[in-house]
Amino acid sequence: MGNFLRSAAVLIIIVSTVVLQVLLTRYFPRLLLDLPLVAVLYLTMAKESLLWTIMSGTVVGFLQDSLSPGPAGLNGFTKIAIGCLAYMTNTIIAVDRVATRWGLLFVSSLLAALLFLLLRVLFLNRNESLDGERILLSGLINACAGLPLFYIFDKISRPANE
Amino acid sequence: MKQLFKTRVEWILLLVALIGHLVLLSTRMNESGQTPLLRAWTMDVAYPFLSQAVGSVTSVSNLWRNYIDLRRSREENGALKSQIEEYRRTITSYEEKIKEIGRLEVLSELDTSLSLPSVKARVIGGDPTQWYQSRILDKGAGDGIARDCPAINADGVVGRIVQVSRNTSVLQLITDVDSGVGVLLENSRAQGVLKGEGRHEAFIEYVGSSEKVVIGEKVLTSGLDQIYPKGLLVGYVLATKPAKQVFQKVDVTISANVLKLEEVLILKKESPS
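Chains as they are written, first to last, in the working numbering: chain U, 1 to 162; chain C, 1 to 273.
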């Protein structure tokens, strides 16, 4: 029952990040925060299971792709790939300190942006111009917003006695 | 042991008091019309204390009453404040409604002037990624919306529908990097393709270098893309730059404020019949 509830909480986290992202960008169209990416990275580090990374990346990516004009699979791939990289990093370096978590979020965000653009160039034949300033700013925002969000996610998905 | 001693003292005090009262009662029987001197003195001595005490009690009583009044006032104040807040909210919502009605009226006027089947839709969400310029609308296939239906508002073209479900649809804004709109310039009649830059601005590709483009010139839909009807306002020419070989790049500012989009008018596709 406990596992079921925790899994339900995780599912709620995943869905709610996408919903929240949609609502936020409704009112702040220039927002550079990628909440779903933060959620996937959180699950990767919290669950320490690649299965969770894949599952969450797929669900989040599918939801994002479904609600945006882009082709399906682009966001899912990006999320899973970056989630796996974060998972591997987590197995090598203990990502439990604030600084390392911040660093992981920042680097993951940059890599996710680059991978996203690369996929668009390779698979959609788009001429992408690399907006370095925007990517860096997005990375900073994701990293700074990710830390308190990790804490909130922790509170939601983990029981009090843990 | 200590408890027992205390009880004895109390008993003694009680007896003394009772006896004292009996003595006083016994002396009253001999009273004349005047107040006995001892009693008068006692009264005089007692007066300042009593008056102070009464004053204190009155003060405390007043203080208490004031406190109660203050509390009531505070409560009343709080209630009034919340009432004012409620009124403010109501006024704000009325103001919003009035603005919305104004916008919808403009859309309705546009609707009748266009004489095309259309449906009004409300923006219910933004883009779930940070890479596209799109909006989620509250109308879908159930309302007659299909893919590639153009969307406009009172200021001009805003985009086209790219995803449709029964109750909702995704609107790709003309500022999206993947968007392309067939356009022509009002005066020079030069044609090209308007591409989004991912922000509020866009640019026109494939405008010949020999074309004389005037800054501030209106950019209209050409209708050649088979999506947007001809003659709809898209924006104004901002600047021109020489581009590759025979073409020039024309920067355009979009007339519709796509960043603050709330309602749009979706032009339905006319059936072949």
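Misleading hints may appear alongside valid ones.
[Unchecked claim] Chain U is nowhere near these chain C residues, computed Cβ spacing over 12 angstroms in every case:
(1) P128
(2) R160
(3) K260
[Said to hold, decoys possible] Incomplete in silico selection of chain C near chain U, CB under 10 angstroms:
(4) G126
(5) V162
(6) N167
(7) T168
(8) V170
(9) D176
(10) V193
(11) E211
It should be emphasised that the hints constitute simulated quantities derived from the structure, not laboratory data.
C-beta: ideal position from N, C-alpha, C; glycine also.
The hints, checked one at a time:
Distance to chain U contradicts P128(C) as a non-interface residue, since its nearest Cβ pair spans about 4 angstroms, not more than 12 angstroms. Consistency note on R160(C): stated as away from chain U, yet its beta-carbon is not over 12 angstroms from all of that chain's, at 9 angstroms minimum. Under the 12 angstroms C-beta cut-off, the non-interface status given to K260(C) relative to chain U is violated; the minimum distance is some 8 angstroms. Because the smallest distance between the Cβ of G126(C) and any Cβ of chain U comes to about 3 angstroms, under 10 angstroms, the interface hint for this residue holds.
With a cut of 10 angstroms, the hint placing V162(C) at the interface with chain U holds, because the nearest CB-to-CB distance is about 4 angstroms. Nearest Cβ of chain U to the Cβ of N167(C): about 13 angstroms, over the 10 angstroms cut. The hint is violated. Given hint, T168(C) at the interface with chain U, holds; its Cβ is 9 angstroms from that chain's nearest Cβ, closer than 10 angstroms. Interface hint status for V170(C): upheld, as the beta-carbon distance to the closest one in chain U is roughly 6 angstroms, under 10 angstroms.
This hint holds: D176(C) has a C-beta 6 angstroms from the nearest C-beta of chain U, less than the 10 angstroms allowed. Hint status for V193(C): violated, given a least beta-carbon distance of 14 angstroms to chain U, over 10 angstroms. The beta carbon of E211(C) is not positioned within 10 angstroms of any beta carbon in chain U (closest approach about 23 angstroms), and the interface hint is therefore violated.
Checked against the numbered hints listed earlier, the structure breaks hints 1, 2, 3, 6, 10, 11; every other hint is satisfied.
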